[in-house]
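Asker: In order, the protein sequence lines correspond to chains P and V. If you read the first sequence in this note's numbering, its first letter stands for residue 1, the second for the next number, and so on. If you read the second sequence in this note's numbering, its first letter stands for residue 1, the second for the next number, and so on.
Please note that a few of the clues may not be correct.
Said to hold, decoys possible - Derived CB-CB ranges, DEER-like:
(1) Ile284(P) <-> Ala73(V): 19 to 27 Å
(2) Leu303(P) <-> Glu101(V): 49 to 57 Å
(3) Gly65(V) <-> Pro307(P): 51 to 59 Å
(4) His21(V) <-> Val292(P): 47 to 55 Å
(5) Asp258(P) <-> Ile4(V): 14 to 22 Å
(6) Ile64(V) <-> Pro371(P): 51 to 59 Å
(7) His293(P) <-> Glu101(V): 32 to 40 Å
(8) Ala194(P) <-> Arg56(V): 35 to 43 Å
(9) Pro19(V) <-> Ala77(P): 53 to 61 Å
Just so you know, the hints here were simulated from the structure itself, not pulled from any lab data. Quick reminder that beta carbons are idealized off the backbone N, C-alpha and C, glycines included.
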Amino acid sequence: MNADVVVIGAGIVGAACARALARTGLRVVVVDRGAPASATSARGEGNLLVSDKAPGPELDLAMLAARHWPGLAASLADELGPGFPDIEYDPKGGVVVATTEEGAEPLRAFADGQAAAGVEVAHLTAREALSLEPHLNPAITAAVHYPQDAQLQPVVATEALLASARRAGVTVLPHQEVVGVVREGDRITGVRTATETISAPSVVVAAGPWSGTVAGVLGADLPVRPRRGMVLVTARMAQRVFHKVYDGDYFGATQSADADLQTSSVVESTPGGTVLIGSSRQQIGFDDRLRVHVLAEIAKRALRLFPFLAGTPVIRAYGGFRPYVPDHLPVVGPDPRHPGLWYATGHEGAGIGLAGVTGDLLCAQLTGTAPAIDPAPFQPSRPSLAAHLTGGAA
Amino acid sequence: MSAIVPWETDPIRPDEPKPLHITVDGTRIEGLQGQSIAGVLLAHGTTEWRTTTAGRRRGVFCGIGVCFDCIAAVNGESDVRLCLRRANDGDTVTTQDDTKEAP
Chain P
1 MNADVVVIGA GIVGAACARA LARTGLRVVV VDRGAPASAT SARGEGNLLV SDKAPGPELD
61 LAMLAARHWP GLAASLADEL GPGFPDIEYD PKGGVVVATT EEGAEPLRAF ADGQAAAGVE
121 VAHLTAREAL SLEPHLNPAI TAAVHYPQDA QLQPVVATEA LLASARRAGV TVLPHQEVVG
181 VVREGDRITG VRTATETISA PSVVVAAGPW SGTVAGVLGA DLPVRPRRGM VLVTARMAQR
241 VFHKVYDGDY FGATQSADAD LQTSSVVEST PGGTVLIGSS RQQIGFDDRL RVHVLAEIAK
301 RALRLFPFLA GTPVIRAYGG FRPYVPDHLP VVGPDPRHPG LWYATGHEGA GIGLAGVTGD
361 LLCAQLTGTA PAIDPAPFQP SRPSLAAHLT GGAA
Chain V
1 MSAIVPWETD PIRPDEPKPL HITVDGTRIE GLQGQSIAGV LLAHGTTEWR TTTAGRRRGV
61 FCGIGVCFDC IAAVNGESDV RLCLRRANDG DTVTTQDDTK EAP
């Protein structure tokens, strides 16, 4: 089989890359060892957040994504028609609160820094916070409203991007694990699965937390590691949580390099009537066993935000792995040591929100057109990643 | 009551069970101690009691607490899996209709 580009990974990032590339006229094949949207893309909450990002390249990418999603959601709905399920894009906004005296000032300062970087930020009194979220614990010490935060149903969004990609000519090969690489000299010119050899001058690794493993199969080296998270799902109820509401400890947890368990409270409703309660971060490899103590800690923290949840039945828990990169930035660009090899991965917990702009950024670099944002901070060759590569800097 | 194992040949608990009753949406239903509430309903010939958001009827699907198809309110507590809840004499069960606004 021949193609112009092989994309490894049929999650939301691989789907967005394939769609963007195919719409420029390239022949694209997507391979995945499992079903589309069955791993990390199915294991989160569907977050499109600017609120949890400090000023810097990731926030710039998130702000671009926040501007980009309304148009992307509308164009997918328009293209796929009413027979396709709704991706449930909802610009509901976020409310971040501090629950301790020590947490209040850092939250306000963090928000002021974001405001200076162009994020829409509104400091709230406790009374204003309660008017946005009437069931919130009134004993909060600070609150900030982020109107640009949004949410969507990530599995449907991934399938919608893949459906749109197929319409643009993309072939999706599920249940085909990449087991080897094809090279001509230094250059990577294709991949092998158990049953196929796919020749292509460009290979894009978009395998989420498995990207490091896949890079290894291709003879390359990428420091992406799994970071486990778990979420509780309540029974359906009349809506009592109206925004994405989380405690200010969440930012610290996302930016930490600590391998030990960290939890912070993230609470939001879904259109189905359930409430999702997160979140945890833990580096324990690909160990996917249910951890009851993690769920207990998540539940306990959620009660500090929403005491009414104490009487709510929890019907389900799920977990997954985020693609963690040591310097906390996505990797979107070419591997300078392996011509023909590209990456679109490493978004940790932000991949759903950043998928669309990542696909465009990867596509612009691969096709040599002008990207919408400076790709330099996301390069695999960036200095902050070099120390984590075997053999040192490129 | 033909749907249940005769107690004389029950290898696990060969004791004559005591009767109990539960109330389901106001209707009194007889059962036996040791049955789950779902067991009481099934033995009574009732195989569906919940309505999904899509308007479809549901009862026991997995029977082991995994699928949440058999949920109903028991003594005012919502979303109880009837396959796992042991019936107590006098339990009040209220079936759930998810086409209506959630409580």
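Asker: Determine for every hint whether it applies to the structure shown.
Answerer: How the hints compare with the structure:
A hinted range of 19 to 27 Å is violated for the C-beta pair Ile284(P) and Ala73(V), which are about 38 Å apart. A C-beta distance of roughly 25 Å is found between Leu303(P) and Glu101(V), which places it outside the suggested range of 49 to 57 Å. With their beta carbons about 27 Å apart, Gly65(V) and Pro307(P) fall outside the hinted range of 51 to 59 Å. Here the CB-CB span from His21(V) to Val292(P) is close to 36 Å, at odds with the stated 47 to 55 Å.
Between Asp258(P) and Ile4(V) the beta carbons are some 55 Å apart, a value that contradicts the proposed interval 14 to 22 Å. Look at Ile64(V) against Pro371(P): about 52 Å separates their beta carbons, and that is inside 51 to 59 Å. Range check, His293(P) to Glu101(V): about 35 Å between beta-carbon atoms, so the 32 to 40 Å window is met. Hint check: Ala194(P) to Arg56(V), Cβ distance near 40 Å, so the stated range 35 to 43 Å holds.
Checking the proposed 53 to 61 Å range against Pro19(V) and Ala77(P) shows it holds: the Cβ atoms sit about 57 Å from each other.
Checked against the numbered hints given earlier, the structure breaks hints 1, 2, 3, 4, 5 and satisfies all the rest.
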